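There are 2 protein chains.
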Amino acid sequence: MTLQNIQDDLSAADTLEPRAKLFRGLGDPSRLAILDALLSDERSVQEIVTQTGLGQPNVSNHLRCLLDCGLVSRRNEGRFVRYRLADRRIADLIRDADQLLASTAVGVDACRSYTG
Amino acid sequence: MTLQNIQDDLSAADTLEPRAKLFRGLGDPSRLAILDALLSDERSVQEIVTQTGLGQPNVSNHLRCLLDCGLVSRRNEGRFVRYRLADRRIADLIRDADQLLASTAVGVDACRSYTG
DNA sequence: CTAACGTATCAGTGGATAATGATATGACAT
DNA sequence: ATGTCATATCATTATCCACTGATACGTTAG
Chain A
1 MTLQNIQDDL SAADTLEPRA KLFRGLGDPS RLAILDALLS DERSVQEIVT QTGLGQPNVS
61 NHLRCLLDCG LVSRRNEGRF VRYRLADRRI ADLIRDADQL LASTAVGVDA CRSYTG
Chain B
1 MTLQNIQDDL SAADTLEPRA KLFRGLGDPS RLAILDALLS DERSVQEIVT QTGLGQPNVS
61 NHLRCLLDCG LVSRRNEGRF VRYRLADRRI ADLIRDADQL LASTAVGVDA CRSYTG
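Protein chains in written order, with UniProt numbering: chain A, 1 to 116; chain B, 1 to 116.
Hints are not guaranteed to be accurate.
Here are the in silico distance ranges between beta carbons for each label pair [unchecked claim]:
{"hint": "1", "chain 1": "A", "residue 1": "F80", "chain 2": "B", "residue 2": "F80", "range": "30 to 36 Å"}
{"hint": "2", "chain 1": "B", "residue 1": "S44", "chain 2": "A", "residue 2": "R79", "range": "58 to 64 Å"}
{"hint": "3", "chain 1": "B", "residue 1": "Q56", "chain 2": "A", "residue 2": "S44", "range": "49 to 55 Å"}
{"hint": "4", "chain 1": "B", "residue 1": "R89", "chain 2": "A", "residue 2": "S60", "range": "42 to 48 Å"}
Keep in mind the hints are simulated off the structure, nothing from the lab. Since the model is a prediction, treat every value here as computed from it, not as a measurement. Just so you know, even glycine gets a beta-carbon here, dropped at the ideal spot from N, CA and C.
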């Protein structure tokens, strides 16, 4: 085993799980729809429910997930709660993914391992 | 509903599923470990098995998934099969994710929705 | 031809999780 | 105080998917 491999393994041990978790956070159509709704502006839960067509408890669940992950932040306003993206780089990450998907090489549909 | 929302919905309908699928492809520790092994160089299945500690059928399964998705490409060499990243931007995406995780705000561990 | 090796496929299994309906919590208005 | 609205939580269910062991396929060596 080379030094390079050792370094890879060391860094992998520490960063693999969080990395996977971040990508999994982004790897659900419902959560992506929610993030999409937040791309342009801050939104209340109701607005997100309307825009995404998802059920309200479902949206709340995913928002909790996204909040715990630190991907969104919230702000109370009376009985409304307004959510927004926690970091610009999240939008960047999504855009980069779209660019990658626009490449001819990357054709995710063909993957039979999961139905997505 | 504003024009902006309509545009969001239209783009979402087309790109949400593939996007989610791409992120899910990246959202598994085993697949990330495999991609990690390929970051620095081309590798045979055996080498990946050794470096990741995963089972051989398991690695083959994930490689098939990654291949179908277009995230890796393969090359036959005798009875060996050597895999490599299909696109530099995949490594970029992973690095960007790591940078995001280095931020204080994004702390994925706290997410209780999935154990990952 | 046959043995040995590298890789891929398959079926079975356990564990994880997204969605739903019911319900709880909290805030505002009258 | 009470009703109403916005949001969050909970339990249930049904589905999905990663892993394993056995095995098949393909290639090289002897």
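Hints violated by the structure (listed by number, smallest first): 1, 4
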